[in-house]
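Go by the hints and put chain R onto chain E.
If you want the building blocks of each chain, they are given just below.
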Amino acid sequence: MPKNNISIKIGGEAGQGVESGGAGFARALVRGGLWVFGLQDYMSRIRGGHNFYHVRVSEEPIYSHVEDVHLLLAFNKDAVGYHLSEIVPGGGVIHDEAVKVDEAAFAEGDVRNFELPLVKLAEEVGGHRIMMNTAALGATAGLTQYNFERIEDVIENNFKRKGADVVGSNVKVAKAAYDMAGDRYGADFPWKLEAIPNQSKKMLINGNQAIGMGAIAAGCKFISTYPMTPASTITEYIAANARKFGIVQKETEDEIAAILFAIGAAHAGVRAMTASSGGGFCLMVEAYGLAAMTETPLVIAEVARGGPSTGLPTRTESSDLQFVLHASHGEFPRIVLTPGTVEQCFEAGYRAFNLADKYQTPVIILSDLFLSNQVRTVPADSFDFHKVSIDRGEMVSYEDLDKLTQPYERHALTQSGISPRAIPGHEKAVYITTGDEHSERGWITEESDIRNRQMEKRMRKETLCAEQDMRLPIIWGPETADISLVTFGSTIGAAEEAARMMTADGTPTNVLQFVDMHPFQEEPLTELINSLKTMVIVEMNFTAQLAQVIRQYTGRKPDVLLTKYDGRPYSPEEIVRKVREKVAVNV
Amino acid sequence: MSELKLFNTTEKSTWCPGCGDFGILAGIKAALAALDLMPHQAMIVSGIGCGSKLPHYMTVNAYNSLHGRAVPIAQGIKLANHNLKVIIVTGDGDGYGIGANHLMQGMRRNADVTHIIENNQIYGLTKGQYSPTSDKGVVTSFSPEGSIEAALNPLALALAAGATFISRTFAGDVKHMSALIQEAVKHPGYSVVDTLQPCVTYNKVNTYDWYRERVYKVEEEAGYNPTDRDQAWTRAQEWGDRIPVGIIYQDTSRGTYESQVSALQKGPLVQQELNGRYPDYDALKEALV
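Protein chains in written order, with the numbering used here: chain E, 1 to 587; chain R, 1001 to 1289.
This is chain R alone, in the form it adopts within the complex:
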């Protein structure tokens, strides 16, 4: 029987007081405990950035990798041991910028992983440069005259790329986040959790209050059907006065990538024997005689 305290650790975080990452950490721990997963049954793969330090501040298997490169590593881990619940934690620059192609490919493949993107619309650890999700016009050290790029729409991107679980949550609502992450982890396929997160130091616009005034739960909207792509597309366009959170889109009909790999039908790859296949080795040589 799992419980929250199993995921605790004594490592002290380097995050700024009030950082949205604290909420995300609490949400992930709560979700894993609620799913009755033990720390050794999950693997968190993170990139580089403040939020990617997250697995250092809890007890869980983890691989803290490179900026932009967590997604392929996570897929490799899942293919080698599909018994592990694999969760990717990256920031917005990491997931939607430098690693965006990996994200897109992972989504269309429907790899059975959960990807939590801590989206604070800024590069924090490098001290405040605009990110792929920064609004046009944002003034940062790299855009002193204001950014002249349009912001990327993560939900629309995920829909276009063929993700089978597309969701959004808010770091200021740990309860909602934990419930959503549980659904994401349970989903068979690539589950995207775009997590709105204030950066208290470098993003003075998208604050806790700013979000609280705007987010609404899509599941509380009358008639909302997350299996309907058209409805999802419409909600995905919303940003500004109203910002939807919850499961925007879900399709459970597509098989996961791993379930279609013939070598994995006998069980996790890591449990399979390495050699000793002498008649088969002879056949390898015979084919070249």
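Bound conformation, chain E alone:
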């Protein structure tokens, strides 16, 4: 068995510590120089139900989970029931002796039973059953022979604010479980873990933290939001760092107010954003159009989940693409970024502010639930704050205004469509703007000539953005291939690995990922799309929304279409299976 190539699931009910246990173990692995991909699966409830955390480990960078499970850490009987069939032959289940399992089912699947007195160890060694999770963490490390000092390090980190005694007791419990699991079952479990020394610093980060970090890098000074899964963690991340970076973070009465507060702050001159999921963005769309009409720079993060309505509140879907592309009545420039990896979330987090300022219009970052809470190992260097440049677009400085002899025109007609912006507060730049159609001075008008010129001016910004800032889809893998998987959002992780699996199996496959979703440069995009041999569009929705976009702009229909709307992310294996079903592949 190769070392450091293992997939571990931790399952139990909400409130049992599934997430903290999984995150703790993942952190211990990252600090040991290993590459981790972590997936959280939880239900819309505070206690009970069934949650799991899936950690995949590798010595190479990874972008996805896989279906195979080698080790299950079961906090209750349900966890065994749900996941036993996923365990590969020779794999096993760690569980407390109080969780009774079906020996026959284990034998049938060639699954080992790693029963341990976890609660007893917690009580006897640590003095309290609450340390059962620590015992489980220790047992997992013991079974896989992972370096105990890494576990010790994470325990220290997690419990240090509770004092040395708590740290000491937890370390003792972990060590006792580590030794017991290793002694009793170590020889019976072939998948092992080992820290790689002298690795460069790596972070374990999820998509929403990355968006928040990107926003902070861009000098976002204002975030106003209303709580909604799965967008709330963007606010939580920024709120936790607001004091240090001088950011105003405001919880508002609803999503309508959330976007309006941000519009007000942006109009007054600060970089401002809001964030929500599809349902919250529904409430924002009237104001989204207002921001576009008043040419107010604004960043909106829309982290999609299963819809419609309340839909699948804790499950993933990418079914808001057509919605965000067309949200709000009337016509205005629409800039939509669709990151699919945590690195792309960081980039979108700062780039959106530059685009918003440059084009003086709202910019949407469309993410999704799976991207928001998947954690991945990334080298700390890959988030380079030194490379983040701030472009506030065409501004009229207060020095320029001092010299101004004509009245300032906020919506001046220009060839680029961009009207130099003055921050309110200078005596030469006293102006009004309005959601009504308006003149260059911002006064309400219904004149057809002015309407035409202002409409054309605003729409020129979209053309300019397509020409100057929007990039063609990213190609993962070989430049040319027999099969091209075309996707957007978090599906890139599974698609990237699926393409590698298919290429390794003899079918050269690559992935086209749309990251700059709108506006398009139609000609080069059409050329690229038409150059694909077999175009397989893979997306997380029912109506194939990306396929609609591609057909609208390039005329090409997919050769094969994979859609999915059960709220569970694609695995690489699932994509490979479905592509094989639908394409005659010579393997």
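FYI, nobody ran anything at the bench for these hints, they're computed from the structure.
Source: prediction; values computed, not measured.
There is no bait here: all hints are sound.
FRET-style restraints, in silico, Cβ to Cβ: (1) E:A195 - R:Q1265: 43 to 49 Å; (2) E:T405 - R:T1126: 37 to 43 Å; (3) R:S1141 - E:D566: 47 to 53 Å; (4) E:T405 - R:T1207: 45 to 51 Å; (5) E:P407 - R:T1207: 38 to 44 Å; (6) E:D436 - R:N1008: 20 to 26 Å; (7) R:N1225 - E:P308: 50 to 56 Å; (8) R:C1016 - E:Y398: 36 to 42 Å; (9) R:L1125 - E:P407: 23 to 29 Å; (10) E:T405 - R:N1008: 17 to 23 Å.
Taking lysine-lysine and the DSBU-like style, the derived pairs with C-alpha atoms no more than 30 Å apart in a straight line are: (11) R:K1186 - E:K428; (12) E:K582 - E:K564; (13) E:K3 - R:K1285; (14) E:K403 - R:K1085; (15) R:K1266 - E:K428; (16) R:K1266 - E:K387; (17) R:K1005 - E:K428; (18) R:K1285 - E:K160; (19) R:K1285 - E:K162; (20) R:K1285 - E:K201; (21) E:K387 - R:K1285; (22) R:K1085 - E:K244; (23) R:K1085 - R:K1005; (24) E:K564 - E:K578; (25) E:K403 - R:K1005; (26) E:K244 - R:K1285; (27) E:K428 - R:K1012; (28) E:K192 - R:K1285; (29) R:K1012 - E:K457; (30) E:K172 - E:K77; (31) R:K1217 - R:K1175; (32) R:K1005 - R:K1175; (33) E:K428 - R:K1085; (34) R:K1266 - E:K244; (35) E:K403 - R:K1012.
Coverage of chain R stretches by chain E, computed from C-beta distances (three or more under 8 Å per stretch; other residues unrestricted): (36) 1037–1043; (37) 1050–1063.
Quick reminder that beta carbons are idealized off the backbone N, C-alpha and C, glycines included.
Just chain R now, with coordinates in the frame of chain E:
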């Protein structure tokens, strides 16, 4: 030194001759000049409706927004640049109907803004439908058999929501209005100015004369103490034969929302640097290692 003419403009209004909005416009301009504010030191945020066109007819920073949505925008502006005097101008449908929750939340937060609600008890720009403050029984195009809804009581609502400055004035008395708006703008916190205003086209009941016969100045009443909530509550119930105007309630003891925001202690947000915080950025990454 500010003066009234600085706030003038050449834009011609779309209001009907005799509209109460003319008085409100005059009152706001006079108040700002009297407060020695220059046009660039204030920002008027309005909604949608006849009265929300008001900032187009004067020279001042302004954001003419959406129906019902001026209040959150104004709070965002104030948080971004608290040096600006932020004044919200909306109608009664805008403020007490579609935007009522924003109003309520802004009042309880004690955001440091002044909200002038042009209350003509009718939807004018959409050509005469009953509003949240229309009296029960009013016949309009949307209530041909007479409205069967009770009117909302703005002063009582403001008291219940925790507003710290609750007042009423009358568009037919520009001098009173200007003096009251000055007090409202000076007040640290959410100041509500319910402004009784005739709609000469669609409200044939609540006319200038109707109001003149009924309004009285609460400050001229013996023993009236606007810091006393109980007295304020009693006055807030009055409507009909006698209608109180003036400062109904004021509480200066509560801090404004903005004064309690840690990020604003160093000065207006808009003046703060955007990036260059490299050791702090490293700490962000370190926290995830």
